[in-house]
Amino acid sequence: MNKSLFKKVLANPLSKAGFIIIICVFLLAMLAPLITPYDPDDINVKVILLGPSWQHWMGTDGLGRDVLSRMLFGSRISLLVGLVAVGISTAIGILLGAIAGYYRGWVDTFIMRLVDVMLSIPSFFLILAVIAFLTPSIINVMIVIGLTSWMGVTRLVRAEFLSLTEREFVQASRTLGAKDARLIFTHLLPNSLTPIIVSSVLGVAGAVLMESGLSFLGLGVQAPQASWGNILTDGKDYIQFAWWLSLFPGLAILITVLGYNLLGEGLRDALDPRSGSSK
Amino acid sequence: MINFAFLNNNLLKRNAKASGVFLCLIVLSSCGKPSQDLTSEYLNKLNKTYPSQSGGTLIDAMIGEPSGLISMIAGESASSAISANIFNKLLKYDKNLDLEGELAESWQVSADQKTITFKLKPNLKWADGKPLTSADILWTWHAVIDEKTGSPYASDYQLVKKAEAPDPLTFSVTYQQAYAPALDSWSGLQILPKHLLEGQDLHTTAFAHNPVGSNYYKLDGWTHGENIKLSRNLSSVLGQAKIDHLVSRIIPDSSAQFLELMADNIDSMSLDPIKYARIIPSRPELQKKLALYKELGNGYTYLGFNLKHKPFDDVRVRKAINYAIDKQEIIDGVYLGLGINIASPYKPGTRWSNPNLKPYPYDPAKAKALLKEAGFTDNNGDGILERDGKPFSFEIITNQNKEREKSAVLIQRRLKEVGIDVKIRAIEWASFISRFIKTGDFDVVVLGWSLSLDPDQYSIWHSSQQAPGQFNFIGYNNPTVDKLLEQGRLELNPDKRMKIYHEFARVFLEDSPIVYLSAGYGLTAIHKRVKGIDNPAPPAGLGWNSYDWYIPEPLRRSETGRNEMSAN
Chain A
16 MNKSLFKKVL
26 ANPLSKAGFI
36 IIICVFLLAM
46 LAPLITPYDP
56 DDINVKVILL
66 GPSWQHWMGT
76 DGLGRDVLSR
86 MLFGSRISLL
96 VGLVAVGIST
106 AIGILLGAIA
116 GYYRGWVDTF
126 IMRLVDVMLS
136 IPSFFLILAV
146 IAFLTPSIIN
156 VMIVIGLTSW
166 MGVTRLVRAE
176 FLSLTEREFV
186 QASRTLGAKD
196 ARLIFTHLLP
206 NSLTPIIVSS
216 VLGVAGAVLM
226 ESGLSFLGLG
236 VQAPQASWGN
246 ILTDGKDYIQ
256 FAWWLSLFPG
266 LAILITVLGY
276 NLLGEGLRDA
286 LDPRSGSSK
Chain B
2 MINFAFLNNN
12 LLKRNAKASG
22 VFLCLIVLSS
32 CGKPSQDLTS
42 EYLNKLNKTY
52 PSQSGGTLID
62 AMIGEPSGLI
72 SMIAGESASS
82 AISANIFNKL
92 LKYDKNLDLE
102 GELAESWQVS
112 ADQKTITFKL
122 KPNLKWADGK
132 PLTSADILWT
142 WHAVIDEKTG
152 SPYASDYQLV
162 KKAEAPDPLT
172 FSVTYQQAYA
182 PALDSWSGLQ
192 ILPKHLLEGQ
202 DLHTTAFAHN
212 PVGSNYYKLD
222 GWTHGENIKL
232 SRNLSSVLGQ
242 AKIDHLVSRI
252 IPDSSAQFLE
262 LMADNIDSMS
272 LDPIKYARII
282 PSRPELQKKL
292 ALYKELGNGY
302 TYLGFNLKHK
312 PFDDVRVRKA
322 INYAIDKQEI
332 IDGVYLGLGI
342 NIASPYKPGT
352 RWSNPNLKPY
362 PYDPAKAKAL
372 LKEAGFTDNN
382 GDGILERDGK
392 PFSFEIITNQ
402 NKEREKSAVL
412 IQRRLKEVGI
422 DVKIRAIEWA
432 SFISRFIKTG
442 DFDVVVLGWS
452 LSLDPDQYSI
462 WHSSQQAPGQ
472 FNFIGYNNPT
482 VDKLLEQGRL
492 ELNPDKRMKI
502 YHEFARVFLE
512 DSPIVYLSAG
522 YGLTAIHKRV
532 KGIDNPAPPA
542 GLGWNSYDWY
552 IPEPLRRSET
562 GRNEMSAN
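Chains as they are written, first to last, in the working numbering: chain A, 16 to 294; chain B, 2 to 569.
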């Protein structure tokens, strides 16, 4: 099945593009120390704010650091934050969704009202408020994004569980005396993975954007560590003069987010039997 | 340190207030604005000389909006920048920083140096036509020292033992003992109208948003979050200013301000070094229409140690860090050469600055030796020094100010080279002050002081000034310095006083409770349509004669459009 899924995704040119983008970004991030021409933190006040050239493909920033090197190292931060944050939110989402969907009753009501409450708070401002109370750092950013974006997954998992528990194979298994844990982990969860995967991939895109936004506002990754949002902030004061400081991180964020979104959409089409458009 | 100053001071001051930033704002305002064609005809007009004439509107921009225009309550530069145009003081500094009368015609200091008697100019009037008398000044003094007012400037005036207004033109104050900064303090207190404020709560009065003063301008309109408009006060006690209207637009982001400057929607703004030294010179169309001004400010940027935290209580550690920081690199790299390496906390070149003191040179070897002496060694070979098994690691906090953040990054790298691990955190101004500075919850800060013209720095460095909210938040406590600061306040002979402050600066440098990073220049761009500006700026600063600035009629904006150069 895995192979056919893979083929299905690659059959769609858009999701193929997304897949390739994500692979490239991951490769660049992993190989960053090998391919960066300069140390990303190497300050050289003699070459402040130089435009792109053969020495510095993406120019230099306000402290004479090589933007390309900072971009490559920044990609690690963006991807790490994206993956860990989504890992956290997905884990919470699955847990709460499974409990709500399987046990129903007042637990379900409680969890779903909690979801409603969380969803009614604009998440970006909630995150801003929480970060303002904590020390801004990568770890806090990952945790906070994770803790504030599990609601979608919870709803999805619950919905899947609600419908799956009515299905014959689950009923049969229960009649044969299967315990809750066995039902949940061997029957219900594996069968609801499809929407979870899709929403996680799309969630990574959101988390990457969120991290960039927080770093842009000075509440995310702290100097001198490079992240795309940080580089963008440095560039905003000189957006008309040192365009390379805004353009490259902006493009990087755009392309990565686009990549995740295309891949997510492609996965959904490939996995969802109801959307018959894909082959 | 009070920083009241002159008209348009907000141009000259880099406001420390952090700015909320919205990318969309930048993007929106950067697109779709065709740049003005600078025809040679217009340039000729700009560069011609014109006779002084009155009229026109000057538009500038401010980062923060004042909380109110009673500056003794607001205690912020945004407020005093506007209110200085509306209210008068007893005394002011002239072009060369000598005191002269503003409301006062003359003043006399008694033989025992304890009593100052001011004689007011005759026929002073408030903008509403009521007479301005010594009763207003006495009332203002009562207001500023009143505990209910809670003015941050109260301490200077609380030293007055007795204040009297025996007749409408006479106001006298008597101090417990001679107080050298007294005259300076009276050049800082904006006089408020008693007849409008008596019996009111200064914190809640509508007057703060609808003031009546006596100076060159009166408030015309205040649109919150947008602008504050002033117009000429026709009954000004000091004569008439040339420019009819002053508009201060509130633009909380300096890049947005710069876009407005380029689009000719504001006439002036303060610049950072990169805009001053790189961006404007690289753009001929800006160079043609903007005049750039640079003046050494009365202030400096520093790195300060929390002396109550270990190991910064050890002078060897403080000195080591001082030696390990390359200040010239910060001046060159962050301030693009627009700064001066200093060794005393006074403006270089003034009498108070001790010319014999030399800044700590960049000497990492000496720094390492001092750290070793203080007991720091690298035992585990990770490149970071340890003492008692704990690595030497601390956090530098600063407010969200680009130059300070960059300075901190340079310091971080230099300190790493001598084996100190530094983390950096830039914090939004309000929480920076309330959560870290007032509570003393920090290791090391990078901050700046902007200073008044009097050399008295009792409120910053005297050991008695360490309560939360007071200025000696690094906890500096040196009996010798305490004594010198006390003496300096009592000594009225300028030469003896100078010696006291030279000695203070020497002891202070030796003690190294702070590391001077740079005394920076105030950098300002003003549209060339504004004439009558002194260049180079006199000691009193660019804005000292701004009431005499004028905008010749052919260069004024047309009244209707916002975006026209002029009807050329």
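Rather than coming from a laboratory, the hints here were simulated on the basis of the structure. Each residue gets a CB set at the ideal place from its N, CA and C atoms; glycine is no exception. One or more of the hints may lead you astray.
So the derived list for chain B, only partly shown, Cβ under 7 Å to chain A, looks like this [said to hold, decoys possible]: (1) Lys131; (2) Ser256; (3) Ile280; (4) Asp333; (5) Gly334; (6) Gln401; (7) Val410; (8) Lys417; (9) Arg426; (10) Ala427.
If you want the ones that stay clear, here's a sample from chain B, every Cβ over 10 Å from chain A, calculated [to be verified]: (11) Asp129; (12) Ser255; (13) Met263; (14) Arg284; (15) Ala292; (16) Gly298; (17) Gly305; (18) Lys311; (19) Asp315; (20) Pro392; (21) Asp422; (22) Lys497; (23) Met499.
Check: Was Lys497/B rightly flagged as not at the interface, with every chain A Cβ beyond 10 Å?
Finding: holds (43 Å)
Check: Given Asp333/B was flagged as interface, is its beta-carbon under 7 Å from a beta-carbon of chain A?
Finding: holds (6 Å)
Notebook entry, point to check: Just checking, Arg284/B versus chain A, shortest CB gap more than 10 Å?
Noted result: violated (8 Å)
Notebook entry, point to check: Are Ile280/B and chain A close enough, Cβ to Cβ, to be under 7 Å, as the hint says?
Noted result: Constraint on Ile280/B satisfied, holds at 4 Å.
Notebook entry, point to check: Would you say Met499/B is clear of chain A, with no C-beta pair closer than or equal to 10 Å?
Noted result: Check passes; 36 Å lies beyond 10 Å.
Check: Beyond 10 Å from chain A, beta-carbon-wise, is Gly298/B?
Finding: holds (20 Å)
Next item on the list: Against chain A, does Gly305/B hold up as non-interface, every C-beta pair farther apart than 10 Å?
Entry: Holds, because the least Cβ-Cβ distance between Gly305/B and chain A comes to about 19 Å, which exceeds 10 Å.
Notebook entry, point to check: With d taken as the least Cβ-Cβ distance between Lys311/B and chain A, does d exceed 10 Å?
Noted result: Non-interface label stands for Lys311/B: nearest chain A Cβ at 21 Å, farther than 10 Å.
Check: Is the nearest CB of chain A more than 10 Å from the CB of Asp315/B?
Finding: Given that every Cβ of chain A is farther than 10 Å from that of Asp315/B, nearest at about 27 Å, it holds.
Checklist line | Status of the hint placing Ala427/B at chain A (closest C-beta pair under 7 Å) | finding: holds (6 Å)
Notebook entry, point to check: Asp422/B: least C-beta distance to chain A exceeds 10 Å?
Noted result: Correct as stated: the minimum Cβ-Cβ distance to chain A is 13 Å, above 10 Å.
Note to self: So, as I understand it, the hint says Lys131/B touches chain A; can you test that by seeing if any CB pair is closer than 7 Å?
What the structure shows: Hint on Lys131/B: violated, closest Cβ of chain A at ~47 Å, above 7 Å.
Hints 1, 8, 12, 13, 14 from the list above are not met by this structure, while the remaining hints are.
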